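A.B. asks: Residue strings, one per chain:
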Amino acid sequence: MPLTASIRTRLIAFTVAAIGITAAMAVSGTLLLRWTHAGDARITVAVAASLRSSHTALERLVSAQTTLQTLLRVKDPDEIEAGMNKYETLAKQAMIEIGSLSPDLQPPLVALDAGAQAVLKEVLTGNNAGALDLYVGKYNPLFDEALKALRLHTAAIERDANEKIAQSNATTGRIMQVAAWSLGFVIVGLAVAAWRFQLSISRPLARLTTRLAGAAEALNQLSSSVTRLSQTVAEGASSQAASLEETSASLEEISSMIRRNADNSGRAKSLANQTRSAADTGASDMQSMTSAMDAIKTASGNIGKIIKTIDEIAFQTNILALNAAVEAARAGEAGLGFAVVAEEVRNLAQRSAQAARETAEKIEDSITKSNHGAQISGKVAGSLAEIVAKAREVDELVAEIAGASHEQSQGLGQVLTAVTQMDGVTQTNAASAQESAAATLDMNREVEVLHAAVDELRGLLGIAAAAIAPDRSIAAEPEKIAAKNSPRRTRGRELGRIRPDHCGRGALTPCGKVSEK
Amino acid sequence: MKIRLILLSALLLGRSLAAENLSSDVQAKIDERIKAVTAWAAEPVVVEAVRAHNAALPAEQAGLTQDKWRGLSVLDPLVRSLVKNHVGQFLKSKKDEIITEAFVSDAAGLKVGFISKPSGWSHAGKPKHDVPMTGQNWQGPVEVDESSGQQQVQVAVPVLDAGKPIGSLVVGLSITRLSQ
Numbered sequence: 036m037p038l039t040a041s042i043r044t045r046l047i048a049f050t051v052a053a054i055g056i057t058a059a060m061a062v063s064g065t066l067l068l069r070w071t072h073a074g075d076a077r078i079t080v081a082v083a084a085s086l087r088s089s090h091t092a093l094e095r096l097v098s099a100q101t102t103l104q105t106l107l108r109v110k111d112p113d114e115i116e117a118g119m120n121k122y123e124t125l126a127k128q129a130m131i132e133i134g135s136l137s138p139d140l141q142p143p144l145v146a147l148d149a150g151a152q153a154v155l156k157e158v159l160t161g162n163n164a165g166a167l168d169l170y171v172g173k174y175n176p177l178f179d180e181a182l183k184a185l186r187l188h189t190a191a192i193e194r195d196a197n198e199k200i201a202q203s204n205a206t207t208g209r210i211m212q213v214a215a216w217s218l219g220f221v222i223v224g225l226a227v228a229a230w231r232f233q234l235s236i237s238r239p240l241a242r243l244t245t246r247l248a249g250a251a252e253a254l255n256q257l258s259s260s261v262t263r264l265s266q267t268v269a270e271g272a273s274s275q276a277a278s279l280e281e282t283s284a285s286l287e288e289i290s291s292m293i294r295r296n297a298d299n300s301g302r303a304k305s306l307a308n309q310t311r312s313a314a315d316t317g318a319s320d321m322q323s324m325t326s327a328m329d330a331i332k333t334a335s336g337n338i339g340k341i342i343k344t345i346d347e348i349a350f351q352t353n354i355l356a357l358n359a360a361v362e363a364a365r366a367g368e369a370g371l372g373f374a375v376v377a378e379e380v381r382n383l384a385q386r387s388a389q390a391a392r393e394t395a396e397k398i399e400d401s402i403t404k405s406n407h408g409a410q411i412s413g414k415v416a417g418s419l420a421e422i423v424a425k426a427r428e429v430d431e432l433v434a435e436i437a438g439a440s441h442e443q444s445q446g447l448g449q450v451l452t453a454v455t456q457m458d459g460v461t462q463t464n465a466a467s468a469q470e471s472a473a474a475t476l477d478m479n480r481e482v483e484v485l486h487a488a489v490d491e492l493r494g495l496l497g498i499a500a501a502a503i504a505p506d507r508s509i510a511a512e513p514e515k516i517a518a519k520n521s522p523r524r525t526r527g528r529e530l531g532r533i534r535p536d537h538c539g540r541g542a543l544t545p546c547g548k549v550s551e552k
Numbered sequence: 724m725k726i727r728l729i730l731l732s733a734l735l736l737g738r739s740l741a742a743e744n745l746s747s748d749v750q751a752k753i754d755e756r757i758k759a760v761t762a763w764a765a766e767p768v769v770v771e772a773v774r775a776h777n778a779a780l781p782a783e784q785a786g787l788t789q790d791k792w793r794g795l796s797v798l799d800p801l802v803r804s805l806v807k808n809h810v811g812q813f814l815k816s817k818k819d820e821i822i823t824e825a826f827v828s829d830a831a832g833l834k835v836g837f838i839s840k841p842s843g844w845s846h847a848g849k850p851k852h853d854v855p856m857t858g859q860n861w862q863g864p865v866e867v868d869e870s871s872g873q874q875q876v877q878v879a880v881p882v883l884d885a886g887k888p889i890g891s892l893v894v895g896l897s898i899t900r901l902s903q
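The listed protein sequences correspond, in order, to chains A and B.
Count the first sequence with this note's numbering and you get residues 36 to 552, in order.
Count the second sequence with this note's numbering and you get residues 724 to 903, in order.
So here's chain B without its partners, still in its complex pose:
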């Protein structure tokens, strides 16, 4: 079993290193996806939800910490509510085989809606949230999803309200699928 873990780690490391050199073709596809994600972030359902979340945090989310978030089951009503709300359903409607994950955060980095439960409750202080909040798009490094073993890259765009960033939309894209 240890040997298998070592081999898997070596494989993941190798793929991570290989991901630094994205081909122009793949990068072009990522750019097109960023444009699409930017359009999603401009959707009223997203903008209004973020605006409302910024205005008033729902009561059930009050006091929710990172540790509590990690301890919640994906089947917890709180988590399910963020999947089944308008933003979650909108993101789910846009999901295809290339998109591995997608979540919308408010200005504080707290989750407004998502397709699947993110690892953290708040992404404040992380580039995938802080850069969009500056009004810029963000593209992270190529990573390996340990659960699926696929290479992916996260991109983030700001959710603008009258040209002003009020939140962020992070989408995970499968490099493996984009390369096919």
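Next comes chain A alone, as it looks inside the complex:
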């Protein structure tokens, strides 16, 4: 900034000084030229006036001559009179004007007028031929003399004017010589000042250009490094995304396994509950069965008693039948039918006694078997009690397994959260790498701009352009990185798409179920 300000200040000061000097020179030159032109103009005006007077006088003379010549051919008195008046007027004006030019012009004019009068005299007498002779022989030589005198006068005027112009030119030349020397000194001074001025600007600018070139080169190298680092980061992000994908797949499998474990543990717990309930029911039924067995046993005893009673009844009935047979036999024939009934009753009594004995045996066997069943049911009750105890242990173990599955699910959820965060970080890293690559590309462009600016600055300073060229291969790196990042970002998006599936139908839901339990 101090250099820029200094350059601006110097530029303004130099420009103002140059403009001021140039303006002063221009004003001086203009005034000088105007003064010289004014002098030349005065001379020119004076000469022009003199020449114009001479030419006017010459014109009058020629007009008078023409009028006189016309009069030679005119015979009409009216026309002659008019022509003579015109001639007199023109001649008088010519005499006055020429007489005012120089006294030396008077004698030839007087002689010319005398000649003209002689011609007019002949014209007036109608002797046009004599007038023509006088005109040719006398007037024309006098006219030539007058013209000669007038030309001499004009030549004297021109000579005088030329002398004055020569003097003016000499004066102007001397002034212009002085002005040229002054202008030369000013130009040399300005050139020296400009040379020193450009040195005072170009040297710091050259140093600044060198520093800028160095900075551009360093920036170029830094850009290369950043590009390579971006590439490394991008590759790392890609690898990380692949690992995350694999991790996600493994987590999905683990989640499935945990879900199955949770389901199995749930079913096992339910079965354990059912088993324990069945065992409890079995034990209760076993007690009921034992009681029933005891009741059967008691009933069997009661039945034995009944059977005994029936046997006794059958025995009594048999005796009675025998007594009836005896009585029937006594009754003879009349008791014959009765004897048959008594026989049948006796058979029935015997069959009842036989059935009672067999029933008693069977009841005995049943009681024996009931006792054996009671013993077995007692053993079964014991086994059932043991089964219940084991079922409770199994229930507790399944509960512990379910809790562990829940904890596993929670842990897996945390792992998935961590994976999600890692995926986000990976995506952020990939995006950052891409942005970094893009920024590197921009940086390369800026480096090129900086190089171009440095080269332009060097060109302005007349220094050979530096052979610093931006690494073109680096410029292509961002595209490569972007190409590499694109699939990785796709995998990352796929990973993000997988993650909700894990949470939706994966381990988290069963874990939720476990936690609800």
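Hints are supplied without guarantee of correctness; some may be wrong.
Incomplete in silico selection of chain B near chain A, CB under 10 Å [what the hints assert, rightly or not]:
#: 1; residue: 797
#: 2; residue: 813
#: 3; residue: 840
Hints in this document: simulated from the structure, not taken from any laboratory.
Note that this is a predicted model, so its numbers are computed, not measured.
Glycine included, C-beta positions come from ideal geometry on N, C-alpha and C.
Since chain A is already given, all that's left is putting chain B on it; use the hints.
C.D. replies: This is chain B only, laid out in the frame that chain A set:
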């Protein structure tokens, strides 16, 4: 200057010689002009003026000789009166670029009126007057007007009064103009 005079004289001489051979075309135009001039001479203003001049010479013209006439200026009142009288004005009214001069003389050859001052006061004894006085037209040779340098020819016709010549009318015609 002498050389110029010699050259001019040679030119005039050459033109004079050349004028002897007028072309038929120019001569025809001269003849037409003669007819016109004859008509002018028959105009009453001309005839009456000549008749009056023959009858009585104006007092201011009495004693006027040839030498006195030559000494008179064209601006002299006597000369101007002969230009401004009826005959002079009539002739002036007829003047065109072909007519270089015109004057009317009485029977004695003295001037009755004219356009411009003639060189002589009396043309008596000259063919341009004597021939018309015989009742004949006259055509002179081609001459060169030294003042203008133009070729011209003079023609003269009689001024008749009841068929009798009482004067003459001389008109100068420019051959240069007639030839154009």
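A.B. asks: For each hint, tell me whether it holds in the structure or not.
C.D. replies: Hints, one by one, checked against the model:
A cut of 10 Å between beta carbons decides the hint on residue 797/B: the least distance to chain A is about 5 Å, and the hint holds. For the restraint placing residue 813/B at the interface with chain A, the shortest Cβ-Cβ distance is roughly 15 Å, beyond the 10 Å limit, so the hint is violated. A cut of 10 Å between beta carbons decides the hint on residue 840/B: the least distance to chain A is about 4 Å, and the hint holds.
The structure shown violates just one earlier hint, number 2.
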